[in-house]
Amino acid sequence: MTEVPLATAKPHYAARWENRLRGRVADVLRSRGWLPRPAGFTGYGTTEFARVYARIQLRRPGGDVALPTTVQDVQQFLTRRGWRAFLSAPDAGVPVKVTLGDASIMARADRGGYVEQVITGHGLPPGTHRVTFECPGGAEAQADVHIAEPGARIGLVSDIDDTVISTHLPRPLIAAWNTFVLTEQARDVVPGMADAYRAVLAEHPGAPVFYLSTGAWNTQPFLHRFLQRHQFPAGALLLTDWGPTNTGWFRSGRDHKSRHLVRLAEEFPGVRWVLVGDDGQHDPGIYDEFAESHRQHVAAIAIRQLTVIEQALSRGLPVALAELVRKHSGTVPVVTGGDGFALMPALLRALGRRG
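So the numbering used here is basically just the index in the sequence shown, starting at one, shifted up by 1.
One or more hints might be untrue.
Said to hold, decoys possible - Derived DMTMM-like pairs (lysine to aspartate or glutamate); straight-line CA-CA distance at most 25 Å:
id, residue 1, residue 2
1, LYS98, GLU117
2, LYS98, GLU141
3, LYS98, ASP111
4, LYS98, ASP145
5, LYS98, GLU49
Please keep in mind that the hints were generated in silico from the structure rather than gathered at the bench.
Make a model of the complete structure from these sequences and hints.
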């Protein structure tokens with residue numbers, strides 16, 4: 002979602018340029034009869050509140066994409082190149098009616114067409130529910146909202162790239178290849194990670210689950226399908242918006258992750274988090290800082306160790322992992338392993354020790 006500028010700050014010129022470009026494209030498409038259409042993303046919450054997400058895009062009348070219904074359609078769907086996810090025309094400033102349970106409010110899309118809204122008074126019990134987004138003209142979309150158990154004491158936060166999906170994403174050229182060229186079906190899952198997550202949830206049913214990544218919101222539908230296809234536990238994806246921000250050319254992926262961890266600690270004060278990442282980018286450092294400042298909110302840290310080749314591609318710093326293990330020895334359990342099968346027994350033992 003788009004950053005909110007300081008009251009006295011003027012948006013970065015790159016953001017102003019992007020706003021003008023998007024505005025001109027939107028004007029042309031509207032003049033040709035295109036209409037705003039919402040796309041809902043998975044949300045989350047408690048019995049007291051819910052945080053819901055959507056994006057509003059301009060589409061030609063009758064241009065909504067139908068879900069595949071035959072084997073041939075499914076195969077064609079899965080072999081689409083990743084760049085197609087980035088062909089979109091966001092519609093900024095559109096009023097959106099958001100309905101969840103007993104609550105119905107009006108929101109407005111930001112400059113990237115995104116809607117992020119906190120809803121109170123929804124009156125829903127724990128479980129998975131549906132939120133509805135409605136644009137002017139009647140176009141609607143729905144998305145899941147996971148309401149956590151009030152008594153949940155353990156939660157799971159997982160990185161995605163090189164933690165559950167083998168992408169070697171940190172290297173720029175590899176990132177471009179995997180994001181824009183590689184087909185959905187060609188993405189590899191990290192062995193055993195889904196099994197490890199399901200094992201944690203079997204020991205702690207009702208635990209809230211989040212997939213926290215620096216990936217773009219445009220890839221949310223693909224990531225959602227990937228996680229479903231490989232039987233990962235259902236959870237909200239917390240992604241970001243690539244491109245200029247109100248303060249610079251690019252947003253900080255590290256800050257994105259750190260901010261969300263702090264927010265989750267505030268929104269779920271009684272939950273201790275299992276933080277899962279890899280040693281190829283910034284996860285050890287991010288989790289280290291969070292464990293230092295919010296130790297009471299960390300149940301365990303699990304780091305997937307990349308192979309030598311993956312480390313070379315990602316330009317990771319294994320020293321950061323060694324420092325993480327040393328620093329939190331005796332306070333926060335830190336477990337490491339090459340895949341989910343190696344991490345699972347150590348992680349379950351660590352959680353068992355801490356209750």
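* Of the numbered hints stated previously, which ones are contradicted by the structure, given in increasing order? -> Checked against the structure, no hint fails, so every one of them is satisfied.
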